[in-house]
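Enquirer: Combine both chains into one complex, guided by the hints.
Chain by chain, the residues:
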Amino acid sequence: MIRKKLNREVAIVGSGISKYGPAGDGITTRDLFVEAYHDALKSVEEGLDPKQIEALYIGNATSDLFEHQMHIGPIMTNWSGLIPRPAIRIEDACASSGVAFREAVLSIASGVYDIVLAAGTEKMTNLPTSEVTEVLAYALDGVSEFPPGFTFPGVYAAMCTAHMAKWGTTIEDLMRVAIKSHNNAALNPKAHFNISIKDIMKNRREKAAKEGKVIPSWGDELDFLQDSAQNPVVAWPLRLFDCSTICDGASCVLLAAAEIARNFTDNPLYVIGTGQASDYPLHGRADLASIAATKYAASQAYEMAGVKPKDIKIAEVHDCFTIAEIVAMEDLGFFKPGEAVKAINERITERNGLLPINTGGGLKAKGHPVGATGTGQIFEIWEQMTGKAGPRQVVNKNIDFGLAQNVGAHGATVVVHIFEKR
Amino acid sequence: MEKNNFTIAEYQAFLNEGKLVGSRCLNCGTVSLPLKPICSNCQQSNMELIQMSGKGKLAAYSLIAIGPKMMIEEGFDKQHPYCSGIVELDEGIRIPARIIGLDVGKSVSESVGTRCELEFLQKDNKPDVLAFKIVPNS
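Protein chains in written order, with this note's numbering: chain S, 1 to 422; chain F, 1001 to 1138.
Keep in mind the hints are simulated off the structure, nothing from the lab. Just so you know, these numbers come straight off a predicted model, no measurement behind them. Glycine included, every Cβ here is placed at the ideal spot set by N, Cα and C. Heads up, some of the hints might be wrong.
Covered stretches of chain F (in silico footprint by chain S; criterion: 3 or more residues with CB under 8 Å from a CB of chain S, positions within the stretch not fixed) [as the list claims (entries may be wrong)]:
no. : stretch
1   : 1065-1074
2   : 1082-1096
3   : 1129-1135
Computed list of lysine to aspartate or glutamate pairs in EDC-like fashion (alpha-carbon distance at most 20 Å, straight line) [claimed, not checked]:
no. : chain 1 : residue 1 : chain 2 : residue 2
4   : F       : Lys1069   : S       : Asp64
5   : F       : Lys1106   : S       : Glu172
6   : F       : Lys1078   : S       : Glu131
7   : F       : Lys1036   : S       : Glu131
8   : S       : Lys166    : F       : Glu1110
Next up, chain F with everything else stripped away, as it sits in the complex (with noise of 0.2 Å):
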């Protein structure tokens, strides 16, 4: 992928086309999600961008009752919670995401590491939102 500046906005837009995308570091090899202009690991600022393969498995969540006003709006409340999540992508990387399809009878320890895929979820007018599907049967 070419350079850019490795804003936010760009960040936002490779979002829009469906696409989640870090940056690795070119002197240390660092990849950072989301994207960022200097590393962390080495604090140089030459970086490359990458795009993630979308496929990893749940490492933390939570069924939230009470949410922000966006969420509310949705249509979640205390009778219908949503699940946010901590998804451990398969090169290594997290990155919190809408968590779509988890069985909610299920407990903490089964429900950790189950497989899930990059989704997103388009919304009227504002930026789509990365969610992550939960595989059936993973």
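One chain only, chain S, in its complex shape (with noise of 0.2 Å):
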């Protein structure tokens, strides 16, 4: 088969973020989007004029359901102030905005624009968590999965017992990426979870201790984790600090052809492959362990970009769920099925470690607002490649290739990209 490449190159220059968290009553996925907007512009060195953007690519898996209001495209043309350019919302539940993100990428190597917008918006707090664990089930098979009980959670949590039981995997294999999630998370102010478990353990110590309460005897955040009462069942084997935050955000990036990306910025990130695939409901595939999608994905962006899994410096994963991101390591090929537990525990993808993967916390503890988390995970790779991610900046000054992997609900839809910085 003929290698297949873009057309003409794409480089971001520029990438925002809002805060990640509970927004509070009232505010809306356009005003979330405003925030990242105006983070996306402030970011481009020598500045962008925002009549220059043609299109807008609009990651939002449900503004629907959550608040009542479809059809957001325009609307964020609007809010940014950019009528009448084209604008395209693309739901491809947790996958929004990845794919919108390479939608982007396609329409500039096309040739038909040459700076455009992909971003990501999604108010989930507006709904109770039960509601929104029913919300989110409406992403899995309508007609397989979703009669017999299967929620977000319950899916992941039967791929982690395929998983388990193939490969021996434990409860503290999982507890160990939630641990590092956290503590990434404590070094990014944007994160909805700005804090170490550590220090969360030391928190209700002292509320313990205020409330004249039994203050609890934990050991080490394993111990912690193993206690019910503050790690409760969500999805057996999954618990709370397994599963991603319910939250509120927006993300956005600033996209242009390659031959025009240094008039914005001396520091281009080359978007150097891109790969998307689908795939059928859980029981439909070969090996309930992994997620196929993601190998056809990632191996259409590792042929593009011509590099191989090992030659990857840094990575956002999509850690839904602390098992998702075990299964990733292996299907994105950085290490070998049923190895990703032995890569964990030697601590190689921690912030400092050869190969750190979810640098800002991960949808685990920076926050999983479904339909922004692709664009905001790309975020994290632009910074980082960057240089511009301050006290949680990765060690390693030669990061020349970066990846970010987005899923769609339990991987019926895989978008890979691989970034390089020249």
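Expert: This is the structure we're talking about:
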């Protein structure tokens, strides 16, 4: 087969993000979007006149159900002052803005546009947790998975039991993923949970002391996470600290054709590989302990980029649940099947490790405003690869290749991008 | 079984009759469950219906403490979780289902692979739900 390539090169020239977390009553997807959009414009080193933006690709899972607002493409165009530019709203569940980013890249590569905005926005906290659980479960297969009671955590929990049965993965392995995510998020002021698990423990001990209650005697973080009063089961074997957060947020990425990118910045980040794939519901897949669409999407992206998994120096993977990070590390080819856990235990994926993963705190602790997550991951990669990540900047100065993987629901959609710093 | 249009309405009607029905491609033999109108292997639309044996083993599962509205209405909550799982049928094909009678004291490695059999959960004024019951001492 002929190696598929972009017709012309595309680069990121700026990116921005809103604060992730509960945004408050009355705040809407458009308010969150404007916060991220301002942040993105401000980030362009040489400035970018908004008039130059030719089209908007907006990821959003379901403002329809969360805030009774559909057709949000033109609303975001209106709120950014960019009427009459075309806007495309993309829904691919939790992969909505990763796919929006891909479509934005393809639109520039096609030659139709030179400068476009890819973004995502989601306001989830209007609904109580039980209703959010219900709405997210609509992203599963409505014929086979929803009727027998599967939820979004439930289907990943099933994947987790398959991984445990096949590879011997343990509850403690999952917990180490959450501990790492929180340690990273503690350095990220935009994170929903901008706090380490150690500090959560400290706060809860102090609260108990203040209220005259028995002060809990947890030893380390694992001990705390074993305490079911602190870490209740959501969908066994997954507990609260295995699950990404329900939160509000928006993220934006400004893209330009590579030949004009240096008009805006001395540090364009090149998009050198893109891949996307679909899959059956979980039961229809050959291996229940893997997300095959990740493999398909990644192989397209690696081939287009001309790089191999071992070349990647930093990655954002879709850890909607702790088990999903483990599965992604294997499906992306970073580690052999069944060996991701070993890498976690050897601290390879920590911020100062050989392959830092989810340096912003991941979906677990940075947050998972579903439709905003994909471009939010790319924001993190862009900040790290252009040296703008401040206190959470990785130690490795030579992060020439980075990767972002964004998953829709249980892997029925996966989109993978590879970036290069030149 | 006679030919039909391979719609979801027909699939649910079979479930309501206590039958789990998939489709088999007359061109390449690939079986799909639930039934489907187009083959995933050869993309032909030449299908026949195939009724499943209803015997299999548990391949993956979860004890769900926070469920959607319909499960809360059935009385399930954090103190009373329900089990949803994926069953691998003896025909070699899998299907998600409610799982009844799983011993929650057993480990994952003990539970995965446990034999189970087709069972249906009748619900008032609602479509029947596919369930599998764990075969004791299997």
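Enquirer: Out of the numbered hints, which ones does the structure contradict?
Expert: When the structure is compared with the hints, only number 7 turns out to be violated.
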